[in-house]
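Could you build all of it, start to finish, from the sequences and the hints given here?
Protein chains: 2
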Amino acid sequence: MSKLYEGFTIEQLKERKIEIEKKFEGFKNKKFTLDMSRGKPSVEQLDLSNGIYTQTLQSGFISEDGIDSRSYGVIDGLPEMKRIFSQILEVSEQEVILGDSSSLNMMYDTISRAFNHGVINSKPWRELDTVKFLCPSPGYDRHFAICEHFGIEMITVPMDDNGPDMDMVERLVLEDECIKGIWCTPVYSNPTGIIYSDEVVKRLAYMRTKADDFTIFWDNAYVVHHLYEEKKIINILDECKAAGNPNRVYIFASTSKISFPGAGVAALACSIDNANYTKKLLSAQTIGPNKINHLIHARYFKNIDGIKEHMKKQAEILRPKFEMVTHMLEKNLGYLNIAKWNNPKGGYFISLDVPEGCAKQVVAKAQEAGVKLTGAGATYPYGKDPEDKNIRIAPTFPPIDELKLAIEVLCTCVELVVLDKLL
Amino acid sequence: MSKLYEGFTIEQLKERKIEIEKKFEGFKNKKFTLDMSRGKPSVEQLDLSNGIYTQTLQSGFISEDGIDSRSYGVIDGLPEMKRIFSQILEVSEQEVILGDSSSLNMMYDTISRAFNHGVINSKPWRELDTVKFLCPSPGYDRHFAICEHFGIEMITVPMDDNGPDMDMVERLVLEDECIKGIWCTPVYSNPTGIIYSDEVVKRLAYMRTKADDFTIFWDNAYVVHHLYEEKKIINILDECKAAGNPNRVYIFASTSKISFPGAGVAALACSIDNANYTKKLLSAQTIGPNKINHLIHARYFKNIDGIKEHMKKQAEILRPKFEMVTHMLEKNLGYLNIAKWNNPKGGYFISLDVPEGCAKQVVAKAQEAGVKLTGAGATYPYGKDPEDKNIRIAPTFPPIDELKLAIEVLCTCVELVVLDKLL
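If you're matching them up, the sequences are chains V and D in order.
Under numbering that gives the first Met the number 0, the first residue of the first sequence carries the number 0, and numbering increases by one thereafter.
Under numbering that gives the first Met the number 0, the first residue of the second sequence carries the number 0, and numbering increases by one thereafter.
Watch out, some of these pointers could steer you wrong.
Heads up, the list lumps identical chains together, so a pair's fine if it works in one copy or across two of them.
Claimed, not checked - Mimicking SDA-like on lysine to any residue, the simulated pairs with C-alpha atoms at most 20 Å apart in a straight line are:
1. Lys122 - Gly150
2. Lys131 - His116
3. Lys371 - Ile66
4. Lys344 - Ile399
5. Lys209 - Arg170
6. Lys201 - Asp237
7. Lys339 - Thr325
8. Lys2 - Leu421
9. Lys279 - Ala144
10. Lys279 - Gly382
11. Lys403 - Ile316
Think of the hints as simulated: they come from the structure by calculation, not from any bench.
Given below as structure tokens:
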């Protein structure tokens, strides 16, 4: 963004400001209430999975292996659903542990276990004065919230089109033993939509770290969430094994955005040693996850091909929304040189960068006009975007006509704030 | 048990020993595999709830209040299911937080939060050198496993027919600031089946404790699990409030033994201040529990009357099993003066006391004959029954003919071990 409103004269800008202010008042008077704050699937998307409950239990509650899914036990989840996650994540079935619905909860619990008992072959993090995590940003606010909750010091690492700035990552982990982890959303990263390059994945797996118990929290939330053709990255667990660091990574995924956000199946994957260690600790916490939910998911989706088929239907619903948003941004802001955004090929978000120092005001203005966006700064550690420029757009939930309106409001607010700064 | 085999001569005992050994060999040769180790509902009991999945979703996934149960959010669970638990536990709806399926998991998480953040208005327990819990025993092995997991020192407190020995409890909590909690299963206690007297409940609520953050973990697992008429105890939360200690108690319950052990709904109840504190911490851990599971449970059971009706059907299945076991114990061991047991009016267990130093051997002998019982000692902290005399019988899972056989084997093993000691 070399020069904002490049080619406009001051007079033209002044005129435009009057116009934009009028437009903004017009929106305000319409008293919308549009919510684009969270990455929630739309009702239409959810409807695709209703059959999970109605089409799967005609043959009863007994699993392939004769497990009564209604009863206690099976701490790592029902084998047929483990198999599907092993296909999704390209790991062995023994490397998968299923949970209840929330992969966030599995991430939280993994960190909680690290604090109370340590990761494998290490001492409990609670015995340390300081624990630090690397937080590639912009990133996922709930990752950062877990760090805040446990008092983990967060170090912001910038992202480029290939993933986190690996020169910085490598330098930091080599010099500071307190750095115990990194958060990664490697495929269709939240919110930038970028996909980690193979080189980045390899460097994460192979890099030397001062802390022996440095752990990668690999949130593969959008691994099958393609809007167009399938995109693949190399397998982090394979790379970690090849690098002699098999216990370095915990991978997380869920069907939250495949079936139901509040009632899907979550999973983690890791080395067999890590899996055994985790199951041992888990056995004090629970007798096992909800296996009926595993059973009905396994019967509904059958295997990776069933998942892929289903995700194509999801993409058909989502693609027009994403394309409309980027089209509207281009149409409204493209010629003004006041904003940048990505054109994601999958995932759940569009990341919008406005001029420095403007994001908070834009979000506040949009709220004034009835459009609720994710709080500015939420995509950074401690909720503080150092340049106050990133805005996360979550286009999935609203119907497309409402979404169009919301983006019009947003574009108007961007102009309003930028013009106000300029004049 | 004043004198074992009272009235028998040495010769008679010797003859009997030969008989019993023959009987034991006979059982061994039949190569049974009977499992009575865990308190699992039988298939017949589970079948009572199959309709939860097939009869509830005709009217869709939207709750009474318009919440889409498929989507994210609602950290404390779906209101209509909160209402049912508020009726079961006789607390207000605002005092209930629903979880996923496992109340054990909610207990674990509550203690995990206490370690990492403290209970309300206290400092994190992880900052203390020593944390101790009172463990009325015999009790539930998984409570004790959570303590071991967190390194909590367990103090065994004996139980009588009214609950824990309250003189001892009051003395200990008054003198030792490290004692931060007590485990209680107040209704049909696991495994003794006793029901806490009103006086015990009141003394727990009112007693002075050296630790300000002393907390009662009130596992009301069997609150509606009556085999005969309904038994009620006074409400611990009400008593704690009346005593000026509203934040002293966390109550836990679940539908694990109402609907499905592996796929029910768990809940905790506590003061509104505790509930708000808990929800605040929970919000870092999860976006919310499985609300579809809440919805289908709420629609299936409707209200407390639906629960009671359902539990009567459960009782009809269970009563003959419990009565058969106590009848067989009476018939086989009653006249020998070598064992004591309870006749529970509800819950999931029968507690059998054999002569001191015999329990481990009895369980081992039963295993030899193909009958798997809960490990001897499991009902005591650290798995160590100081007198090695308590055996937990879990009569719910096996079909009644298998159960009868298992109890015959058990009785034979009791005699075998006792006669071996005597002669």
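- Indices of hints not satisfied (ascending): The structure conflicts with no hint, since it agrees with every one listed earlier.
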